[in-house]
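Student: The chain contents come next:
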Amino acid sequence: MKLNYFKKAVALAGVAALALTVSGCAAAEETTAPNATEPTAVVEELTIAFVMGAESDPFFRAMKLGAEEEAAALGVNLIWQGDPANYSPETQIPIVDAVLAQQPDGLVLIPTDPTALQASVAKAVAAGIPVANVDTRVGDLSDVLIFITGDNEDGGAKAAAAIANAINYTAGESYQVVIGLTSATATTNVARKEGFEKTMAADYPGIEIVDVAYSEANPERAASNVNNWLTKYPDLDGIFAIDGTNASGAAAALEAKGLVGKIALVGYDAYPDNVAKIKSGVFTALIAQDPAAEARLALQTLVAFLRDGTLPTSSEVVIPNVTLDANTSDADLVRYTYVAN
Amino acid sequence: MSSSQQPNLRLERFKAVAGNQNSILLSVLIALAIIFTLAEPLFFSVATAGNILTDWGSIVLLAAGQTLVIISGGIDLSVGGTLAISGVTSAWMMSVVLGFDTTTSGSDAHPPLMIGAVTAVITGILVGLVNGFLITKLRIVPFVATLSTMGATLGFAIIISNGMPIGGPNDFSIISPINRDWMPLSWAVIGVIVIVTIVGLFLHKSRFGLHTYAIGSNPFAARAAGINVERHLTKIYALAGGLAGLAGFYVYLRLGAGSPSSGTMRELDAIAAVVIGGAALMGGVGRMLGTVIGALILFTVQSGLIMAGVAPDWKKVVVAVLIAAAVAAQTLKRENRQR
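The listed protein sequences correspond, in order, to chains A and B.
Heads up, the first sequence is in my numbering, so the first residue is 1 and it goes up one at a time.
Heads up, the second sequence is in my numbering, so the first residue is 1001 and it goes up one at a time.
Any given hint could turn out to be false.
Examples of chain A residues toward chain B, derived with CB under 10 Å [claimed, not checked]: (1) E55; (2) R61; (3) S88; (4) T91; (5) P94; (6) I95; (7) G206; (8) V210; (9) Y214; (10) E216; (11) S224; (12) P234; (13) A251; (14) D273; (15) N274; (16) S280.
No lab work stands behind these hints: they were computed from the structure.
Each residue gets a CB set at the ideal place from its N, CA and C atoms; glycine is no exception.
All chains should be modelled from the sequences, with the hints used to inform the complete structure.
Tutor: In structure tokens form, the structure reads like this:
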């Protein structure tokens, strides 16, 4: 009897392990397949290398999708590379070196450090490879063809406006809001918070930011922070969840406490799961970036330069963040959602 | 003569109770509750108790397994990763395989949730069996073996989920306090209490537990005494994995989604709870009740600091001091006893 149980458990374990491996393989195939897309025979076959920050970040996954689409449309080969999980110059510099050894015609680089990656840019340009920066930049842009970025401070300002709008801000009244952060140092967090605070101070002086807390990139901790705030501030009016992790945690906390719709919740990053919660009223609004658009523009600019020598009209382009809320059209919701796979 | 002995006996008894590990931990817990209540009267409330217990639920599951592992003289760094991958496979099973999405709620969600729970536990046990294999068959030290499974589980969690939370069916009432006015426990937390009690009885009242202490105190003597050390260790890591899988499901219930980042650094919280609870990392020493209170202390501090309005940057410092103080107190106690 006991032995039987054990055998069954082992068999079950084996099947599950197999299933895991298969799903892992499937995922790996899916991610590499688009790279192999043959370019529709054009005049000249170009290869563009794209070195991003960290594969595990949904932001870069959405960017990858945009890059792959645009590469297929432009008929160029795309080399997509980057560290699986670590957003750091130590892991990125060797990747850039390896990619440059493949002698691509152009390089799109998301420098993980403005100073540390400067030499890599110089190296590429010295080898006759034009460089575009996306999302983040190297300190000295003189060697860079174009720098395309989203505006996080503007995103924070939009979040402030969305909260004020949701709570029907009236001058003279006083309101309490909190900000859920990931850490004190994450650069995107800092920029978004700054935009949020500036807008509150300038346009909505009645709204007081009563507290901030860190999720340490863990959604359960983000939920726990919100639980504690709800106890400490029974009259809390709004929550700004500064990134995808905080948004997930805050949404779950409000749902568990039955406070959906009673407290304005503005999140960040258009994870599919969170976008679905705009419809159900959990999120007042989500602020989304458009990483796919950033990637598309970078590829277009490089290809135009390589094929016709066209220089971009502006060497720095800022793609604004967008506010997704109940009034956003379904088409736009789909467009901005970070797509899985 | 007899009159002078009586107070002495009483004093001895008082010393025994006061010097008891669990009494010390309970006094620390009570002292913390008083301090935080003085700083913010709202702290002393059913709502706060509910918040703390809800946080406690996931970590105490990890820590219960970790207690057994640490008593056996090992360490399991993979429990955070196991929590993440179990939550993700559970969500994947419910939403991708079975096709239930977030619109399935209330009691309609119960059947898929049961399948999700089983999926999570099986995933956890699998990881635990891999740990056991690496440690007992390939003879890799537990720290390194579980460090590698930690990386693998976190990686697989990202691969399966594409780095984003997978939403699925949920009934948030399972994880919410049963009554907001007088009952801070939720059904999920009650379930956790039952499971941890069973694991605790298993550790302290069964032969399995006795062998665990024996292996942790002296693996050679344990082997000489006829204990199959390899098989026993594999069982312990599988149990720790299964409990971590259950923790993954618990977090799924909290979030209504399987999130690949939900395990981040959780192994350290679990180890902290065990160490504060009085277990020794060299093995052979530790009590389940100590771990349970240790985890409560951790989350009382976490809630208390937010309630008291302490800047979040200070939280890590306070927890660090707490751990150092707990370990120092135990070392001093041990030295006193030897004297």
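Student: Evaluate each hint against the coordinates.
Tutor: Verification of the supplied hints:
1. E55: 8 Å, holds
2. R61: 6 Å, holds
3. S88: This interface hint is violated because 16 Å lies over the 10 Å limit.
4. T91: Not OK, violated: A:T91 not within 10 Å of chain B, min 14 Å.
5. P94: 19 Å, violated
6. I95: Violated. Min distance 17 Å.
7. G206: 21 Å, violated
8. V210: This interface hint holds because 9 Å falls under the 10 Å limit.
9. Y214: 5 Å, holds
10. E216: For A:E216, the interface hint holds, since the closest Cβ of chain B sits about 6 Å away, which is under 10 Å.
11. S224: 5 Å, holds
12. P234: With a minimum Cβ separation of about 8 Å from chain B (threshold 10 Å), the hint on A:P234 holds.
13. A251: At 8 Å from the nearest chain B Cβ, A:A251 passes the 10 Å test, so the hint holds.
14. D273: Interface hint status for A:D273: holds (4 Å vs cutoff 10 Å).
15. N274: 8 Å, holds
16. S280: Constraint on A:S280 satisfied, holds at 8 Å.
Of the numbered hints listed earlier, those contradicted by the structure are 3, 4, 5, 6 and 7.
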